[in-house]
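Novice: Next come the chains, spelled out residue by residue.
2 protein chains.
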Amino acid sequence: MNAPVLAVSRRTRRTPLSSRIEALGVGGYTVYNHMLLATSFGSPVNDYNHLKRNVQLWDVGCERQVQIQGPDAARLVQMMTVRDLSKSVVGQCLYVPLVDVDGSMINDPVALKLAEDRYWLSISDSDVLLWAKGLAYGLGLDVSIDEPNVWPMAVQGPKADDLMVVIFGEAVRDIRFFRFAELEFKGHSLNVARSGWSKQGGFEIYVDDPVIGPELWDALWDAGQAFDVAPGCPNLIERVEGGLLSYGNDMTREHNPLECGLDRYCQLDKDFESIGKAALVQIQKEGIKRAVRGLKISGDPVSSCVEAWPIHDGNKVVGQVTTAAYSPDFESNLAFAMLDRDHWTPGQILQALTPDGQTRDAVVSELPFTQDN
Amino acid sequence: MNAPVLAVSRRTRRTPLSSRIEALGVGGYTVYNHMLLATSFGSPVNDYNHLKRNVQLWDVGCERQVQIQGPDAARLVQMMTVRDLSKSVVGQCLYVPLVDVDGSMINDPVALKLAEDRYWLSISDSDVLLWAKGLAYGLGLDVSIDEPNVWPMAVQGPKADDLMVVIFGEAVRDIRFFRFAELEFKGHSLNVARSGWSKQGGFEIYVDDPVIGPELWDALWDAGQAFDVAPGCPNLIERVEGGLLSYGNDMTREHNPLECGLDRYCQLDKDFESIGKAALVQIQKEGIKRAVRGLKISGDPVSSCVEAWPIHDGNKVVGQVTTAAYSPDFESNLAFAMLDRDHWTPGQILQALTPDGQTRDAVVSELPFTQDN
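Order-wise, the sequence lines are chains R and S.
One rule links them: number in our numbering = place in the first sequence (from 1) + 152.
One rule links them: number in our numbering = place in the second sequence (from 1) + 152.
Don't take each hint at face value.
What the hints assert, rightly or not - Listing some non-contacts, in silico: residues in chain R with all C-beta distances to chain S over 10 Å:
hint, residue
1, Arg162
2, Ala226
3, Ser238
4, Val241
5, Tyr247
6, Lys338
7, Tyr417
8, Lys437
9, Gly439
10, Trp496
11, Gln500
12, Glu518
13, Asp524
As the list claims (entries may be wrong) - Listed next, with one range per pair, are the computed distances between beta-carbon atoms:
hint, chain 1, residue 1, chain 2, residue 2, range
14, S, Pro480, R, Ser450, 48 to 56 Å
15, S, Ala323, R, Gly451, 51 to 59 Å
16, S, Ala460, R, Ser341, 27 to 35 Å
17, R, Gly177, S, Glu459, 15 to 23 Å
Claimed, not checked - Partial selection, computed: residues in chain R whose CB lies under 7 Å from chain S:
hint, residue
18, Pro156
19, Leu158
20, Val160
21, Val183
22, Asp252
23, Ser278
24, Leu282
Rather than coming from a laboratory, the hints here were simulated on the basis of the structure.
Note that beta-carbon positions come from the ideal geometry of N, C-alpha and C, so glycine has one too.
Using the sequences and the accompanying hints, generate a full structural model.
Specialist: Following this line, the structure appears as structure tokens:
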């Protein structure tokens, strides 16, 4: 059963752009933060080829914002992550692994610092709102926490700058990577960030109005005709190539950020107040016992990974594959795997047991993949 | 676009019984607590007719358990709800609306009191684990909180007792409504509760082993041949008939339990420690401004409710439909609606604007529906 039907209800929330992408032939959905997220428009391979060469419009309204504001907002956001935010500035997007007191991953949002006392956490798929509210209540913090009516839209691909300029003007080009600026569309001010869930460049527009959203989509669509625009969505093949881990797939509450290769977002030697820091300091001292690596898996194109696939080193189970896809550009199956310590060295040859019953050679690789590793 | 394809991944977790229900022709899925939940086996009407007359096996592994244990477990569970738990006993299942400090609904689990210091919250679709962990950290409570490997299976329908007796013996008949007992299957002890997400009677079995689960399913399936057993799932038509509100559909974080008709689970005059009680006392004093009611909607069978439908009283918008289904046994469309105060009187005739463009008469009704109301 590879393609079951999704029964939609009010609980699997639509976005203001759902009607747009349905008119353009969305081929599949997943549910993300209790909201619909497109997964393909016909063929993931076609989507991938187009994304790497042109520009796409994505409805990523499911990237819900957890808004934290008030006198204790900065303190709470800092407590929730092990990234040192003391030097962060307004207008910055910050990738912040969130961890609990055991150092286990809760989510990995991008934090938008809107003001010294106001943040949006643009979350992956877990109810960070409840975590933040629980902490705020328990600690007696002076903050308000809510999920505002914001549905991000992404413009991704190498032609994204050129398309965005038509709508927002040349100011778009000045937005640096992982910064955002307020730009106007039809007199409506919108936060526009140079970011997005691909490695092809582009922007995320934080649409905060259900009427402006479709109008902006239509304007981008019309202007996009000159740039071979297409509808798109986070693409499995492209994200594997690019080493983009997905919370819930490749990292879960069973993992800590050191195991997920997020060391550079863990400033464990700095002095700041963080719920999970002490646990991670201890874990770092003892050394992690497993870590995410890339795998190049031999043979015919594999199916996507619906359940973890076991990885063997001879007779021993040494890890599991959590995401896999065949990459046309690499002419190889690429995968993410969580591997045990003695079996994670790049170049090491392991065996992946794929659902088709085959045992395939799997070569450990650094992430992101390169043609050489 | 009524039946989009669901793209499954490791993030939309399978259960130990997914392979069983797929072999039996599951017709659709939704995602619930980041896990697959069947929504039909062919036709919701056939499922409904069968459920009301026979017995069904349901894979409701998505009813995740939030386990709270330790010296402060009882205190934390009490703080999370406005139901007075002081007289609760081990072996009891307790429907507990969870609310935040504003009295807003976080979830509406069934709490299983496993011991004086150990509870399972069998949750609806939101990450209660994160809420509980946030509170516990912030308040410095001595509890441990996790999501154990428990995947409930339900046996529902009027023949449920007779089928369960074949597997578990006559002890099954002694389990009272919303109580659970430990029963054995192949030497493995399982919590079995007389409960479930239908009004047709039956049991939920808290399967805590991924191997025992399919073995138990197969045993029930084989024994069930004598009782016209079929695979099933929570049924939209039956739940509307029965007045079973769904968190995320009919009640959300924008509502409080008084608006949702859950007054009898809110002991606001009792003295116990609860996060949301003060807010709800105040709301009760001022009087709620809207409430859930039933609606009988005229005309041809309506489609299911993917987005809220507006309800008018003349020219005025006075509420919204959140769930709707045509009931063969009532020979009427039945719906849940959140209605404003001056428009919620049973018998009142309002107008529902359905997605087919029609304006239909909608008669306000008490819940649950009866043939007379």
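Novice: It remains to establish, for every hint, whether it holds in the given structure.
Specialist: Verification of the hints:
1. Its closest Cβ contact with chain S, about 5 Å, brings Arg162/R to no more than 10 Å, contrary to its assignment away from the interface.
2. Every Cβ of chain S is farther than 10 Å from the Cβ of Ala226/R; the closest lies at roughly 17 Å, confirming the non-interface assignment.
3. Look at Ser238/R: its CB is around 22 Å from the nearest CB on chain S, clear of 10 Å, so calling it non-interface holds up.
4. Residue-level check passed: Val241/R sits 28 Å from the nearest beta carbon of chain S, beyond 10 Å.
5. The claim that Tyr247/R lies off the interface holds: its Cβ sits roughly 19 Å from the closest Cβ of chain S, which is beyond the 10 Å cut-off.
6. Lys338/R, annotated as away from the interface, keeps every beta carbon of chain S farther than 10 Å; the closest lies near 25 Å.
7. Under the 10 Å C-beta cut-off, the non-interface status given to Tyr417/R relative to chain S holds; the minimum distance is some 20 Å.
8. Under the 10 Å C-beta cut-off, the non-interface status given to Lys437/R relative to chain S holds; the minimum distance is some 22 Å.
9. At the 10 Å boundary, the C-beta of Gly439/R stays outside the reach of chain S, the nearest C-beta of that chain being 24 Å off.
10. With a least CB separation of 20 Å from chain S, Trp496/R remains clear of the 10 Å interface cut-off, as annotated.
11. For Gln500/R, the non-interface assignment is confirmed: its Cβ lies about 23 Å from the closest Cβ of chain S, beyond the 10 Å cut-off.
12. Glu518/R, annotated as away from the interface, keeps every beta carbon of chain S farther than 10 Å; the closest lies near 22 Å.
13. With a least CB separation of 28 Å from chain S, Asp524/R remains clear of the 10 Å interface cut-off, as annotated.
14. The hint said 48 to 56 Å for the Cβ distance between Pro480/S and Ser450/R, and at roughly 55 Å that hint holds.
15. Range check, Ala323/S to Gly451/R: Cβ separation about 53 Å, and the 51 to 59 Å hint holds.
16. For Ala460/S and Ser341/R, the hinted distance range of 27 to 35 Å is satisfied, since their beta carbons lie about 28 Å from each other.
17. Checking the proposed 15 to 23 Å range against Gly177/R and Glu459/S shows it holds: the Cβ atoms sit about 20 Å from each other.
18. Given hint, Pro156/R at the interface with chain S, holds; its Cβ is 5 Å from that chain's nearest Cβ, closer than 7 Å.
19. At about 4 Å, the closest approach between the beta carbon of Leu158/R and any beta carbon in chain S falls short of 7 Å, and the interface hint on this residue holds.
20. Interface hint status for Val160/R: upheld, as the beta-carbon distance to the closest one in chain S is roughly 5 Å, under 7 Å.
21. Among the interface hints, the one on Val183/R holds; its C-beta lies about 4 Å from the nearest C-beta in chain S, closer than the 7 Å criterion.
22. Because the smallest distance between the Cβ of Asp252/R and any Cβ of chain S comes to about 6 Å, under 7 Å, the interface hint for this residue holds.
23. Satisfaction of the interface hint for Ser278/R is found here, the shortest Cβ-Cβ separation to chain S being roughly 5 Å, below the 7 Å cut-off.
24. The interface hint given for Leu282/R holds, since its Cβ lies 4 Å from the closest Cβ of chain S, which is under the 7 Å cut-off.
When held up to the earlier numbered hints, the structure conflicts with hint 1 and nothing else.
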